[in-house]
Amino acid sequence: MKTFSSNAPVMGKEQFVRYGATVGDFNPVHYDLDFAKQLNLPAVISQGPLTFTLALDAAIAENGLDALSGFKARITAPAFPDTAMTITCDADGKVAVSDGKTTYLDGELTPR
Amino acid sequence: MIPERKGTVLKTHRTRAYASRMADLEATLGTATAAETARVALFFGVTIGRDFDVLEKMGMVLDETLMGGHEITWTRPFEPDEEVVVTVTLADVLDKGKNRIAVIESRFDAPDGQEIQRQYSTFVHLGGAAREEASA
Chain E
5 MKTFSSNAPV MGKEQFVRYG ATVGDFNPVH YDLDFAKQLN LPAVISQGPL
55 TFTLALDAAI AENGLDALSG FKARITAPAF PDTAMTITCD ADGKVAVSDG
105 KTTYLDGELT PR
Chain B
91 MIPERKGTVL KTHRTRAYAS RMADLEATLG TATAAETARV ALFFGVTIGR
141 DFDVLEKMGM VLDETLMGGH EITWTRPFEP DEEVVVTVTL ADVLDKGKNR
191 IAVIESRFDA PDGQEIQRQY STFVHLGGAA REEASA
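From first to last, the protein sequence lines are chains E and B.
Heads up, the final residue of the first sequence is numbered 116 in our numbering, and it's a clean run with no missing numbers.
Heads up, the final residue of the second sequence is numbered 226 in our numbering, and it's a clean run with no missing numbers.
Hints were generated in silico from the structure; no laboratory data involved.
Fair warning: there could be bad hints in the mix.
[To be verified] Across the chosen pairs, the derived CB separations fall in these ranges:
| id | chain 1 | residue 1 | chain 2 | residue 2 | range |
| --- | --- | --- | --- | --- | --- |
| 1 | E | 39 | B | 163 | 30 to 36 Å |
| 2 | E | 14 | B | 171 | 40 to 46 Å |
| 3 | B | 152 | E | 17 | 15 to 21 Å |
| 4 | E | 116 | B | 125 | 15 to 21 Å |
| 5 | B | 187 | E | 107 | 18 to 24 Å |
| 6 | B | 147 | E | 46 | 28 to 34 Å |
[To be verified] Going by beta-carbon spacing under 8 Å, a handful of chain B positions derived as facing chain E:
| id | residue |
| --- | --- |
| 7 | 111 |
| 8 | 118 |
| 9 | 120 |
| 10 | 130 |
| 11 | 131 |
| 12 | 159 |
| 13 | 163 |
| 14 | 164 |
| 15 | 197 |
Here the structure is a predicted model, which is why all the values come from computation and not from measurement.
C-beta: ideal position from N, C-alpha, C; glycine also.
Chain B on its own, in the form it takes in the complex:
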């Protein structure tokens, strides 16, 4: 059942690259280059919309799930307050022993469809594969 979900769009969301949030991230980091960094590291696609429902949709229990990796590639930095269309997709899912590993792609586009940034976030649900097998 789970492999058939590969490629499934988990969420689409329209938001903005809020200048206020860039300023918040800049203040949190507190370095000389934080303002530049905030223009590429402003979002975490998995929590876009401000919740973890994309993990829950895959049956991954938050307090049993670890983040294993993260990747971002960008064509350009976000402009302050520009509109962004976010598409979150299940890129891959596999079972390794008792654990389930899911890779989530988050694509950030301008309203005209031009890609700005893409993220791949890897999560490990401890015991997730064993649980699926037991409930099958």
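Next up, chain E with everything else stripped away, as it sits in the complex:
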């Protein structure tokens, strides 16, 4: 597996809404600020599978889709809109998504 460190595209509230519409995830915590505040969150949060997809996309960019057959990850923190995240991967296929302070996801790629 190739090692890499790359910047993820920054996802804002608009992207959360578009992603939710694509996969059918209409949980208001992803688009309704008042709802998020009721849950003691300072802002709406990203869908976990969206963070997962960003990490997978970075891995596909480095290795090619044909080189992979799976990806497994723990969602370790909610991601807020407009967070600048970096995706890293080591030679064993261990992936992390972080902004330097918070790790949002850690996971492992499965080679084909």
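Given chain E, put chain B in place with the hints provided.
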């Protein structure tokens, strides 16, 4: 009561890997490889059919539930507009302290039964175990 639900099929659903939704996901990601990524990350099995009824069937309250993990394995990418049969199953459920943890398997097959992709999604219902105990 809850452990007996392990293996229960929560939902079956026929849909398509709509090319339009692949294009939507590609546009959302906006990267050079987004079109390829959209062919494997098009679906989130738990919201297949466009609602969270699989969680509700297990007594998990949406605004008290966190996603703890996600896994996908695929034998091949989805073809644009191909028909897909989705089977969502409760793979595992356990109580840890006051919380209930559920693992949901979503299997995506071609109409001939050939497996295309499998997902495992882990959810943590905060206080879910304590609530079940109190109502027992």
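Okay, the hints, checked on the actual structure:
1. E:39 - B:163: 30 to 36 Å: Since residue 39 of chain E and residue 163 of chain B have Cβ atoms about 33 Å apart, the given range 30 to 36 Å holds.
2. E:14 - B:171: 40 to 46 Å: Between residue 14 of chain E and residue 171 of chain B, where Cβ atoms are some 31 Å apart, the hint is violated.
3. B:152 - E:17: 15 to 21 Å: Hint holds: Cβ distance 19 Å, inside 15 to 21 Å.
4. E:116 - B:125: 15 to 21 Å: holds, 19 Å
5. B:187 - E:107: 18 to 24 Å: holds, 23 Å
6. B:147 - E:46: 28 to 34 Å: Once the Cβ atoms are compared, 31 Å apart, the range 28 to 34 Å for residue 46 of chain E and residue 147 of chain B holds.
7. 111: holds, 5 Å
8. 118: Where the cut-off is 8 Å and the nearest Cβ of chain E is about 5 Å from residue 118 of chain B, the hint holds.
9. 120: holds, 5 Å
10. 130: holds, 7 Å
11. 131: holds, 4 Å
12. 159: holds, 5 Å
13. 163: Residue 163 of chain B check passes; min Cβ-Cβ to chain E is 4 Å, inside 8 Å.
14. 164: holds, 6 Å
15. 197: violated, 14 Å
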